[in-house]
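2 protein chains.
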Amino acid sequence: MVKIALSDVYRNYITCLNQQDWLQIEQYVDNDVYYNDKQIGLSGYRKMLERDFYNIPDLHFNIQLLVSDGPYIASRLSFDCSPKEKFLDLNINGKRISFSENVFYEFQKGKIIKVWSIIDKAAIESQL
Amino acid sequence: MVKIALSDVYRNYITCLNQQDWLQIEQYVDNDVYYNDKQIGLSGYRKMLERDFYNIPDLHFNIQLLVSDGPYIASRLSFDCSPKEKFLDLNINGKRISFSENVFYEFQKGKIIKVWSIIDKAAIESQL
Numbered sequence: 005m006v007k008i009a010l011s012d013v014y015r016n017y018i019t020c021l022n023q024q025d026w027l028q029i030e031q032y033v034d035n036d037v038y039y040n041d042k043q044i045g046l047s048g049y050r051k052m053l054e055r056d057f058y059n060i061p062d063l064h065f066n067i068q069l070l071v072s073d074g075p076y077i078a079s080r081l082s083f084d085c086s087p088k089e090k091f092l093d094l095n096i097n098g099k100r101i102s103f104s105e106n107v108f109y110e111f112q113k114g115k116i117i118k119v120w121s122i123i124d125k126a127a128i129e130s131q132l
Numbered sequence: 005m006v007k008i009a010l011s012d013v014y015r016n017y018i019t020c021l022n023q024q025d026w027l028q029i030e031q032y033v034d035n036d037v038y039y040n041d042k043q044i045g046l047s048g049y050r051k052m053l054e055r056d057f058y059n060i061p062d063l064h065f066n067i068q069l070l071v072s073d074g075p076y077i078a079s080r081l082s083f084d085c086s087p088k089e090k091f092l093d094l095n096i097n098g099k100r101i102s103f104s105e106n107v108f109y110e111f112q113k114g115k116i117i118k119v120w121s122i123i124d125k126a127a128i129e130s131q132l
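From first to last, the protein sequence lines stand for chains A and B.
Quick note: the first sequence uses the working numbering, first residue 5, plus one each step.
Quick note: the second sequence uses the working numbering, first residue 5, plus one each step.
FYI, nobody ran anything at the bench for these hints, they're computed from the structure.
Just so we're clear, the structure is a prediction, and the values are computed from it rather than from any experiment.
All C-beta atoms, glycine included, are put in the ideal place defined by N, C-alpha and C.
Keep in mind that a hint or two might mislead.
Ranges of calculated distance between the beta carbons of each label pair, as one might list FRET restraints [what the hints assert, rightly or not]:
#: 1; chain 1: A; residue 1: Q28; chain 2: B; residue 2: L27; range: 47 to 57 Å
#: 2; chain 1: A; residue 1: G48; chain 2: B; residue 2: P61; range: 37 to 47 Å
#: 3; chain 1: A; residue 1: I44; chain 2: B; residue 2: N97; range: 31 to 41 Å
#: 4; chain 1: B; residue 1: Q31; chain 2: A; residue 2: N97; range: 43 to 53 Å
#: 5; chain 1: B; residue 1: D25; chain 2: A; residue 2: Q28; range: 26 to 36 Å
#: 6; chain 1: A; residue 1: H64; chain 2: B; residue 2: G74; range: 45 to 55 Å
#: 7; chain 1: B; residue 1: Y58; chain 2: A; residue 2: E30; range: 42 to 52 Å
#: 8; chain 1: B; residue 1: Q28; chain 2: A; residue 2: D25; range: 26 to 36 Å
#: 9; chain 1: B; residue 1: D41; chain 2: A; residue 2: R100; range: 30 to 40 Å
Simulated coverage check for chain A against chain B, where a stretch passes if three residues somewhere in it have a Cβ under 8 Å from a Cβ of chain B [to be verified]:
#: 10; segment: 15-22
#: 11; segment: 44-54
Which chain B residues face chain A? A few, computed with CB under 8 Å, are given here [stated by the list, open to error]:
#: 12; residue: V71
#: 13; residue: S72
#: 14; residue: Y76
#: 15; residue: A78
#: 16; residue: L81
#: 17; residue: S82
#: 18; residue: D84
#: 19; residue: I101
#: 20; residue: V107
#: 21; residue: F111
#: 22; residue: V119
#: 23; residue: K125
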């Protein structure tokens with residue numbers, strides 16, 4: 005049952021991101037969250053997401069694959085979007101690109117405490 | 005029990021890679037294996053790995069995080085190695101680099117049938 009619940013929490017988290025509901029996000033993300041081994045905290049996490057949506061107005065998170073084994077979730081996310089200018093130091097300038105992100109989450113007391121994300125930069129480069 | 009077995013199969017697969025045991029690998033990888041949505045088959049898979057070890061003589065796979073939920077495995081692998089020349093189109097020329105790979109596997113009848121891998125190219129670039 006715990007495992008099913010964690011997948012559900014994660015799916016609700018992704019819905020929250022897609023709705024850009026920056027108040028609700030504290031239900032899913034711990035105050036002391038780490039992103040790629042750096043502690044950025046909830047406010048840093050929120051800022052990162054707000055910046056992403058500002059730079060990529062049509063950003064949408066799609067879960068392609070979800071592997072759950074509490075307290076961990078691994079997710080392969082797919083994106084099909086048009087970053088306005090730069091993304092990952094690449095000049096995109098509004099071009100539509102498709103790419104994936106493979107990301108791991110560690111949960112603590114029902115909230116995300118650690119994230120290890122890798123975005124497929126090579127795939128983006130091959131589209132430019 | 006099935007879940008535990010799958011993690012064990014995966015750990016044995018990684019040991020097989022680190023031993024460069026290219027005969028044993030057919031115990032773990034399906035004849036019709038796909039790599040990043042392209043069907044490369046067992047022979048293509050073996051060639052890819054042999055090429056990797058040729059280009060990176062000190063290549064070693066380290067499991068940092070393993071999430072198992074049959075028929076899927078998600079693994080975060082870490083590397084600390086010195087590619088001889090180019091790697092991911094970057095000029096490394098023997099420099100020692102550290103990076104991660106976030107990778108998903110789908111198993112079928114106990115063997116890997118699909119792999120979706122992303123290597124952290126941005127992390128490598130930041131070390132050059």
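Hint by hint, where does the structure go against what was stated? Just the numbers, ascending. 5, 6, 8, 9, 10, 11, 16, 17, 18, 19, 21, 22
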